[in-house]
Amino acid sequence: MPLSSPADSKSTGSGASADPVLRVEDLSVFLGGLPVLRGISMSVRAGEAVALLGGNGSGKSTLVRAALGLLPVERGSISLFGSPLGTFRRWSRIGYVPQRSTAPASGATVAEVVSSGRLALRKPFIPRSAKDKRAVHDALELVGMGGRAKSDVRELSGGQQQRVLIARALAGEPELLVLDEPTAGVDLEHQHVLADVISARVNAGLAVVVVLHEVGPLTPLIDRGVLLREGRVIAQGPLAELQHTTGQLLAHRRTGHEHVDPEPEGWLEGTVDH
Amino acid sequence: MEILAYPFMQRALLAALLTGIIAPAIGIYIVQRRLSLLGDGLGHVAIAGVGLALMTGQAPIPWAVAVCVAGAVVVEILRQQGKATGDVGLAILFYGGLAAGVLMSGIAGQGAAALSQYLFGSLTTVTAADLAVIGVLAVLVLVPTLGLAPQLFAVSTDEEFARTQGLRVRLYNILIVVLAAVTVTLAMRTVGLLLVSALMVVPVAAAQNLVRGFYAALITAMVVGVSVTVGGAMGSFYLDTPPGALIVVLAIVVFVLSWPYSALISKRRRVAPVLPELVDDETLLPHVAVPEAHPHKHGPDCEHPAIRHGDHTDYVHEGHRHAQHGDHYDEH
Chain A
1 MPLSSPADSK STGSGASADP VLRVEDLSVF LGGLPVLRGI SMSVRAGEAV ALLGGNGSGK
61 STLVRAALGL LPVERGSISL FGSPLGTFRR WSRIGYVPQR STAPASGATV AEVVSSGRLA
121 LRKPFIPRSA KDKRAVHDAL ELVGMGGRAK SDVRELSGGQ QQRVLIARAL AGEPELLVLD
181 EPTAGVDLEH QHVLADVISA RVNAGLAVVV VLHEVGPLTP LIDRGVLLRE GRVIAQGPLA
241 ELQHTTGQLL AHRRTGHEHV DPEPEGWLEG TVDH
Chain B
275 MEILAYPFMQ RALLAALLTG IIAPAIGIYI VQRRLSLLGD GLGHVAIAGV GLALMTGQAP
335 IPWAVAVCVA GAVVVEILRQ QGKATGDVGL AILFYGGLAA GVLMSGIAGQ GAAALSQYLF
395 GSLTTVTAAD LAVIGVLAVL VLVPTLGLAP QLFAVSTDEE FARTQGLRVR LYNILIVVLA
455 AVTVTLAMRT VGLLLVSALM VVPVAAAQNL VRGFYAALIT AMVVGVSVTV GGAMGSFYLD
515 TPPGALIVVL AIVVFVLSWP YSALISKRRR VAPVLPELVD DETLLPHVAV PEAHPHKHGP
575 DCEHPAIRHG DHTDYVHEGH RHAQHGDHYD EH
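For the protein sequence lines, the chains are A and B, in the order given.
If you use the working numbering, the first sequence corresponds to residues 1 to 274, in order.
If you use the working numbering, the second sequence corresponds to residues 275 to 606, in order.
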């Protein structure tokens, strides 16, 4: 199955596998004249699952959006698969799952939306190939939406729409999957479904960067967390270690209780480097 | 069909047919981008081109195309730079175009009467040369709107995702407005500059009511477009009415008729309403377990309406919202 073998295409790029799939150095991003990210450095290696954590306004979504070239960079450098962002061309290696609020609202079928995920591999004016069709079909099967290919995306629940957006990102057979708050506004039951889908991709060798408000059901598959606050990285490491450094049980919410507890005021006091 | 015996009607019907194909084909992208009134604005800009042609004694269509395309590119570049988010800049451009057109045709000594055949369409005066220009422009618009449909669909539905597919989003966006500008001028002889926008939007809206999916809507919109333009052109011959007005009225009739059908369909598409969870307030709310024993297990298949509430699902049960919490249900 073509979707489960990103490792093959990786080995064909001679020497490229030595580079991290994403490297961000000293990145600063300003939005509306205000600094949103300040001197961020981080990297993601092939096959690694990294969670960007932090409260609202900590800059985690801005970080992934800047890393994909969707936002102008004030200072610093970004490289994807060893190439600087400005010269990076092999976009099919990246699968982006934006926040669901940006999902196509107008009348399109699930298969049509997912087909957009093949565009990096297609040339203008050339109709889609049998391989394109198969990849769309396979991606929908992977997220368990194979039976809904002809449904209008507006007929789906939030969790199902999220799976469609993940299928769209997987359709291009990427090596790096970037997800922006995939579990936001999705009920716990569907969060587990999403976690299973993403786990399967991680096990198949994909590198994953996922923006999360809270780790929840995704905890077991995260290799490393990067904790942001007010546009700075305040801690990185395995989740257990992060939990320890912050004195906060980041992952305790993954079972039983469905309420979102707000972060208590000053929950990171003492660890923040002012 | 005596109507086909007149050469002027043959030309009129051909022009109408081409307009009916083209306007919805580009219109669907305009609707996707929620720029339904862009066509109307571009129609105003094209008037400046017509005025310029009248003043200099040239053929109006090429001038209208040139001025309208230039205006469209300016509008799109302003939008991309975030400078046209307020509508004021657009309004100045659009009404400036209208005023300049009327002014220039006045200077040409032709007044509003000469302009009106472009404002409201004048199918029966389409010349063979006009028809040739319209035919070439129609092909120029149709090739990219159909050939680049997957790219244009991606760009007009989810611009950021399209960019992460390596698509030249800015270029595609400019292409969309340029094609819209060409379509507007192409349609000025059939439905007229003031009504052309309706032909770009209304068949698309009707098609989206009738069928499911983007490509099905694209094809259906073109079928609706051709039906109303050809039907309107023929009807206006018999009723002796301005064709543009009849075409647009017919399109709106199709849209109105498509409405009950879509209401019927969407009844079956039951989508749960969403209650945003006010996270900060949640701590203030007491934890209230459902007092009585609750043997019923809520789930996706039970008869209680489901409501998404923040990160979980509530089920409406006898006027309360029940949310699962461990082994019991909470009142939410």
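Don't take every hint at face value.
What the hints assert, rightly or not - Reference excerpt, derived from the structure (chain B facing chain A, CB under 7 Å, subset only): (1) A386; (2) T438; (3) G440; (4) F488.
By construction, these hints were calculated from the structure, which means they are not laboratory data.
Think of the CB as a built atom: it goes at the ideal place given N, C-alpha and C, for glycine as much as any other residue.
Right, here's what the structure says about each hint:
1. A386: Hint on A386/B: violated, closest Cβ of chain A at ~38 Å, above 7 Å.
2. T438: Check passed: Cβ of T438/B comes within 4 Å of chain A, closer than 7 Å.
3. G440: holds (3 Å)
4. F488: It holds, given that the least Cβ distance between F488/B and chain A is near 4 Å, below 7 Å.
Of the numbered hints listed earlier, the single one contradicted by the structure is hint 1.
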